[in-house]
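Enquirer: Protein chains in written order, with this note's numbering: chain A, 1 to 246; chain B, 1 to 240.
If you're looking for bench data, these hints aren't it; they were derived computationally from the structure. Be aware that a few hints might be false.
To be verified - Each pair of labels, with its calculated beta carbon distance range:
#1 A:Lys-211 / B:His-210: 35 to 43 Å
#2 A:Gly-116 / B:Ala-24: 22 to 30 Å
#3 B:Thr-138 / A:Leu-92: 32 to 40 Å
#4 B:Pro-209 / A:Asp-21: 56 to 64 Å
#5 A:Thr-27 / B:Glu-174: 54 to 62 Å
Claimed, not checked - Chain A regions said to be covered by chain B (calculated; three or more residues, Cβ under 8 Å):
#6 110-121
#7 197-203
Stated by the list, open to error - Here are a few chain A residues that face chain B, going by a calculated C-beta distance under 10 Å:
#8 Phe-93
#9 Ile-97
#10 Leu-102
#11 Ala-106
#12 Ser-107
#13 Ala-181
#14 Val-193
A virtual CB, placed ideally from N, CA and C, is assigned to each residue, including glycine.
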Amino acid sequence: MTDAIQPVLPPPAEASEPRLDVAPRLTDLIDALLRDPSAVFEWLRDGGSPRAVGLLAAVTLAIYAGYGVLVGLFSGGAQVYWVPLKLAGGALFCAAICLPSLLVFASLSGGRVRLGQAVGLLVLTNALSALLLVGFAPVAWVFTTSVSSPGFMASIHVLFWGIALYFGLRPLPRGLTRFQATAPRYLGLWIGVFLVTLFQTTTALRPLLGKAQPGVANEPTFFVAHWLDTLGVDLADPGHESERRR
Amino acid sequence: MSVGTPARTGLQGLSGALCRGDVAALEPWVARPSVPAYGLCLLALALGGAVFGGALGAWRSPLQAAFAATKLPLLFVLTAACTGALNGMLAKLYGVPLTLAQSVLSVLSSFALVGLVLGSLAPPLLLLVGSLPGPESTGARSAHRTILLGGVGLIGCAGVLANVRLYALLRRFEVARGQARRTLASWLAVNLFVGAQLSWNLRPFFGSPHMREQFLRDDPFDGTFYEAVYASFRSLVLGT
Numbered sequence: 001m002t003d004a005i006q007p008v009l010p011p012p013a014e015a016s017e018p019r020l021d022v023a024p025r026l027t028d029l030i031d032a033l034l035r036d037p038s039a040v041f042e043w044l045r046d047g048g049s050p051r052a053v054g055l056l057a058a059v060t061l062a063i064y065a066g067y068g069v070l071v072g073l074f075s076g077g078a079q080v081y082w083v084p085l086k087l088a089g090g091a092l093f094c095a096a097i098c099l100p101s102l103l104v105f106a107s108l109s110g111g112r113v114r115l116g117q118a119v120g121l122l123v124l125t126n127a128l129s130a131l132l133l134v135g136f137a138p139v140a141w142v143f144t145t146s147v148s149s150p151g152f153m154a155s156i157h158v159l160f161w162g163i164a165l166y167f168g169l170r171p172l173p174r175g176l177t178r179f180q181a182t183a184p185r186y187l188g189l190w191i192g193v194f195l196v197t198l199f200q201t202t203t204a205l206r207p208l209l210g211k212a213q214p215g216v217a218n219e220p221t222f223f224v225a226h227w228l229d230t231l232g233v234d235l236a237d238p239g240h241e242s243e244r245r246r
Numbered sequence: 001m002s003v004g005t006p007a008r009t010g011l012q013g014l015s016g017a018l019c020r021g022d023v024a025a026l027e028p029w030v031a032r033p034s035v036p037a038y039g040l041c042l043l044a045l046a047l048g049g050a051v052f053g054g055a056l057g058a059w060r061s062p063l064q065a066a067f068a069a070t071k072l073p074l075l076f077v078l079t080a081a082c083t084g085a086l087n088g089m090l091a092k093l094y095g096v097p098l099t100l101a102q103s104v105l106s107v108l109s110s111f112a113l114v115g116l117v118l119g120s121l122a123p124p125l126l127l128l129v130g131s132l133p134g135p136e137s138t139g140a141r142s143a144h145r146t147i148l149l150g151g152v153g154l155i156g157c158a159g160v161l162a163n164v165r166l167y168a169l170l171r172r173f174e175v176a177r178g179q180a181r182r183t184l185a186s187w188l189a190v191n192l193f194v195g196a197q198l199s200w201n202l203r204p205f206f207g208s209p210h211m212r213e214q215f216l217r218d219d220p221f222d223g224t225f226y227e228a229v230y231a232s233f234r235s236l237v238l239g240t
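Based on the sequences and whatever the hints tell you, model everything.
Expert: Written as structure tokens, this is what we have:
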């Protein structure tokens, strides 16, 4: 018998990861972003469609708003409407004020990134984080219906958002090598700036959990102090005497 | 790839080459100093310094923000002007084959990079400064210290980045590793020594909580930065 059984080999890696079209469908773009972010960075470098980036940005904002509804459900009432606006608007504001430093730090890394591409990088990282938040949403909902302490609920959301941000920002330094960056470690500094800005923005937009107080201006505070305060640690009470008295 | 002539390159081209540390592109620029080259470096440090200074001063009031936006670029320019000749001579003493004009342009280009980095960080800084307790509130002292430490820290980080780039540029001029390090260390020491004193003369940048807004203090040339540090040290350690 000459027809020996041939082993079925997987196709070469390159064949299994087709390059993205210049103007891909949104589902293809999202799929590529989850499976192989480097391919999406290459697509952006090679003149990825601004329309596709814009569409992805709109979807990202919609996801943030959707997650905001979930956060708002903890308190109910007007928070169901306010928190989505605050989260989506806050993310947009944070991205806008971190854009100039992303351009400079991408250049410090040796990368050749144009303004439009820097906007694309911000959209891609935020989109990846937002997609992970979609995955976390059912779990967050379960906690929302069970937890009564705002401090504990805040910790849950910070944990979920932190994990989403980790996976969203992780491909960025490596992706920047597609833009000829030779020292992407400088981008670590920018990631620090971005995270501080994001956390400070959400602190400035409080309350996200807890009853809305229309017409009451927030007392300015640093996000770390606010977080510790929310968890019941009084910064003005280093010995935690108040904690012990409770 | 060369940056090209300053007039043709413009601020964007210079900014890109400075940020990327593209010494191959910057070398011909520094090798043939020209008025547009100085002008573009000054423009970069003026723009970046102004927005960063404005963000710092915004904690006190819009007027103090305008003062700080004027004074921070002025501080950089005055420091470069005061140290230019000395830096040029030090480079020659260490055997670096740079003319006085080339040394001044090298240092000025590193100041321009400081300006660009600080300018890009101004929007997040403005958000943070706006989120701190105001100068009239009970937490004003702690907010003042936070801005002071944060501002000095950011300027320090930008300075370190700029010096790493300057080192690479010096090496491009076939300067031995040791020579480049010594030259850079002496430039850094001179710039810090003079810059600290000038920042003392040009204070307040964002203003102490209990003092009114001012462009300069009533006695800008009374005392030195180093005397103040010594007095603080004596008060803290010796209690005198």
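Enquirer: Indicate, hint by hint, whether the structure satisfies it.
Expert: Verification of the supplied hints:
The hinted window of 35 to 43 Å between Lys-211 (chain A) and His-210 (chain B) holds, with their beta carbons roughly 37 Å apart. Taking the beta carbon of each, Gly-116 (chain A) and Ala-24 (chain B) are about 26 Å apart, inside 22 to 30 Å as hinted. Between Thr-138 (chain B) and Leu-92 (chain A), the C-beta spacing of about 33 Å keeps the proposed range 32 to 40 Å intact. For Pro-209 (chain B) paired with Asp-21 (chain A), a C-beta distance near 58 Å keeps the hint of 56 to 64 Å intact.
Restraint check, Thr-27 (chain A) to Glu-174 (chain B): a C-beta distance of roughly 56 Å satisfies the suggested window 54 to 62 Å. As drawn, the segment 110-121 of chain A meets chain B at 3 residues by the rule of a beta-carbon pair under 8 Å; at three or more, the given contact holds. Proximity of the segment 197-203 of chain A to chain B, defined as three or more residues with a beta carbon under 8 Å from a beta carbon of that chain, is established by the 4 residues found. With its C-beta approaching chain B no nearer than about 9 Å, Phe-93 (chain A) sits inside the 10 Å limit, and its interface hint holds.
A cut of 10 Å between beta carbons decides the hint on Ile-97 (chain A): the least distance to chain B is about 4 Å, and the hint holds. Proximity of Leu-102 (chain A) to chain B holds as hinted, the smallest CB-CB distance being about 8 Å (cut-off 10 Å). The beta carbon of Ala-106 (chain A) comes within 8 Å of a beta carbon in chain B, closer than 10 Å, and the hint placing it at the interface holds. Here the hint on Ser-107 (chain A) is kept, as its CB sits about 3 Å from the closest CB of chain B, short of 10 Å.
Interface restraint check for Ala-181 (chain A): the shortest CB-CB distance to chain B comes to about 9 Å, inside 10 Å, so the restraint holds. For the restraint placing Val-193 (chain A) at the interface with chain B, the shortest Cβ-Cβ distance is roughly 6 Å, inside the 10 Å limit, so the hint holds.
Going down the numbered hints, you'll see the structure goes against none, and every one checks out.
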